[in-house]
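As given, the protein sequences belong to chains A and B, one line each in that order. Just so we're aligned, residue 107 is where the first sequence starts under the numbering used here, counting upward by one. Just so we're aligned, residue 107 is where the second sequence starts under the numbering used here, counting upward by one.
Since the hints were derived computationally from the structure, they do not count as laboratory data. It should be emphasised that the depicted structure is a prediction, and the values quoted were computed from it without experimental measurement.
The list cannot tell twin chains apart, which means a pair is met if one copy fits it or any two copies do.
Capping the alpha-carbon separation at 25 angstroms, the derived lysine to aspartate or glutamate pairs in DMTMM-like fashion look like this:
1) 293 / 305
2) 372 / 228
3) 375 / 388
4) 239 / 228
5) 293 / 280
6) 277 / 294
7) 302 / 282
8) 361 / 454
9) 239 / 280
10) 372 / 453
11) 293 / 282
12) 283 / 294
13) 302 / 213
14) 239 / 294
There are 2 protein chains.
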Amino acid sequence: MDKQEKAEKTEKAKMDKLDKKIAKADKQKVARTLASVAKATGMDDGADTGYSDLERRLQLAEESSGKLSAVWQPSIDSLLRFRPGMRVADMDGSAHPGFDGTKEDAERFIELSSHQIAFYQELLYANGVDGGKRRMLLVLQGMDASGKGGIVRHVFRQGNPMGISYHGFGKPTEEEKAHDYLWRIRKELPQNGWIKIFDRSHYEDIVMPHVYGTYPEDVWRARYDEVNDFENALIDDGCSVIKIFLVVSRDCQKKHFLGRLDDPHKYWKFDPSDLDARARWDDYMDAWQEVFEKTSTRRAPWYLVPADHRWYSRAVVSELLRVGLRDMGLNWPPAHFDMAEARRRLEEEEDEQ
Amino acid sequence: MDKQEKAEKTEKAKMDKLDKKIAKADKQKVARTLASVAKATGMDDGADTGYSDLERRLQLAEESSGKLSAVWQPSIDSLLRFRPGMRVADMDGSAHPGFDGTKEDAERFIELSSHQIAFYQELLYANGVDGGKRRMLLVLQGMDASGKGGIVRHVFRQGNPMGISYHGFGKPTEEEKAHDYLWRIRKELPQNGWIKIFDRSHYEDIVMPHVYGTYPEDVWRARYDEVNDFENALIDDGCSVIKIFLVVSRDCQKKHFLGRLDDPHKYWKFDPSDLDARARWDDYMDAWQEVFEKTSTRRAPWYLVPADHRWYSRAVVSELLRVGLRDMGLNWPPAHFDMAEARRRLEEEEDEQ
Chain A
107 MDKQEKAEKT
117 EKAKMDKLDK
127 KIAKADKQKV
137 ARTLASVAKA
147 TGMDDGADTG
157 YSDLERRLQL
167 AEESSGKLSA
177 VWQPSIDSLL
187 RFRPGMRVAD
197 MDGSAHPGFD
207 GTKEDAERFI
217 ELSSHQIAFY
227 QELLYANGVD
237 GGKRRMLLVL
247 QGMDASGKGG
257 IVRHVFRQGN
267 PMGISYHGFG
277 KPTEEEKAHD
287 YLWRIRKELP
297 QNGWIKIFDR
307 SHYEDIVMPH
317 VYGTYPEDVW
327 RARYDEVNDF
337 ENALIDDGCS
347 VIKIFLVVSR
357 DCQKKHFLGR
367 LDDPHKYWKF
377 DPSDLDARAR
387 WDDYMDAWQE
397 VFEKTSTRRA
407 PWYLVPADHR
417 WYSRAVVSEL
427 LRVGLRDMGL
437 NWPPAHFDMA
447 EARRRLEEEE
457 DEQ
Chain B
107 MDKQEKAEKT
117 EKAKMDKLDK
127 KIAKADKQKV
137 ARTLASVAKA
147 TGMDDGADTG
157 YSDLERRLQL
167 AEESSGKLSA
177 VWQPSIDSLL
187 RFRPGMRVAD
197 MDGSAHPGFD
207 GTKEDAERFI
217 ELSSHQIAFY
227 QELLYANGVD
237 GGKRRMLLVL
247 QGMDASGKGG
257 IVRHVFRQGN
267 PMGISYHGFG
277 KPTEEEKAHD
287 YLWRIRKELP
297 QNGWIKIFDR
307 SHYEDIVMPH
317 VYGTYPEDVW
327 RARYDEVNDF
337 ENALIDDGCS
347 VIKIFLVVSR
357 DCQKKHFLGR
367 LDDPHKYWKF
377 DPSDLDARAR
387 WDDYMDAWQE
397 VFEKTSTRRA
407 PWYLVPADHR
417 WYSRAVVSEL
427 LRVGLRDMGL
437 NWPPAHFDMA
447 EARRRLEEEE
457 DEQ
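Hey, can you work out the whole structure from these sequences and the hints?
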């Protein structure tokens, strides 16, 4: 097979895969739409279908977006917000507390929620243009293969790159190491009106030395107070902070790692050093437990989110983000110009020409 | 009405508006889906509906994404790529060359195209993680209200913030003015594996002094060669460059400006200084014409895209982006690790425990 043929074959394989993906997405859309048409036209009045409570709540949320939060029972805050006595090592990664539904239900919820997120995001951006200081920092943490990347794609599906920015923090570079550990964090903080997603964060600078002993204990221990002060100052300045730890079970991580080894489209996601971290699982959990105890504050709490079921963790993050934006209580900026004058200039033009 | 009541009323108005928006989107989705179900089930075989050529080509594209480019006849490249003799001032902003369809057709096209863009974007990102240097710079220019912002939201609707970054260039700050004009541009260039969207760009540093005489002529004229060299070096280094000028008619801009004055949700988009630029319309067109003549090169051409119909300009930009990504000819990165060893380590764990 010559090079040209080979390239064509690869291209064809890519296209076929994509076609299947699109067909699948369309099929789901059709099924969902037909179901809602049936309901709307009375072909199915829902009376004897044995809808679950969640199903009914989702329907209400579809009718009025103000009812989205009621989908969760009890609330995410009461279930997942870190409180003393909660132990990450004891959590069940495959649980889905507060959401007694299926993957399809979660998908419906995320779809509804994402429209609201897009609405609030534009409102936040508009306020930023207007000189407002409100902005948001979303900190995503979790072991490898806990789904941090997928969350970003799914939760922001209606989002606008104009106002949303992502940054992943890796192993510090030589330049970064030549500064204090918050230097590279500060450089990436959100602008006014923007939402910034941190994939890993300053918390790695506590957890890594804790697990590997790369810094003296008094150095990294002092960082608990430092990051609390750092986040407090941010919040004082108008930046909301949401901190999320995705709790994946060890078994589920193994499944995802094997998936990466089996699929040539996923080799790039695998790094053998991930296995070293995996081997130190319990040490990591201990280090994170201490992080939650020392840095989950009233104003910047940690949320511990079971993440074996991606649909669940995505729905949770979508809800936390939506509520966080909603609770900013923003309004559309007023006009800071002479409207009559602007209108006159526009309408008088025709005489000039 | 006390403050609490007022806040609740505002909140309710916001929610009602959002509900209407969602309902409208759903209605369109239902209509589209029902139509395609009708076709698929033979309730409508399409034989006597007088489908246009475009309709047939869109159907083919739905069946195989490899046929998306065939939707355009003739090609975008032959129609919109700047060539000597083309005059921006003579272009019709309300035209939609190469796409003989409706807003709904364009919407269908963008939906299909956006899935492919998402696919290629992940491929590009994966190559970046793997150490590849390919990346993309999308330069968006156009008069105020030419739809630059909306393009970003619509074209990247399936996109992932992890790999897409937007930057808008405004009036230079004091710090920016203390450096050469390309300093702030260089700071915002895409990382390897990323797509960067420039909303305005280094071209403002030629057009503005040309229109307003803020720099001596020899200074800004020298910049034509400088930006060509700058872009050439970028391309040599692996960065694709797509330059788009959105051609909005003067009447259409007026309509949008009045819309911004009429809608309290849009006040933030209006700046009275936009009227000053509008008053110099012909000067701007002359300045841009010279930009196209001097900087539309074989490797970094300008595309002049009619933009009175947003659906058209969005479809064009979607196609240019998709083809630009496709033509990078990227493959999934190979595994750079010992796969058997990785698998062994994962599977032997159980004995250790």
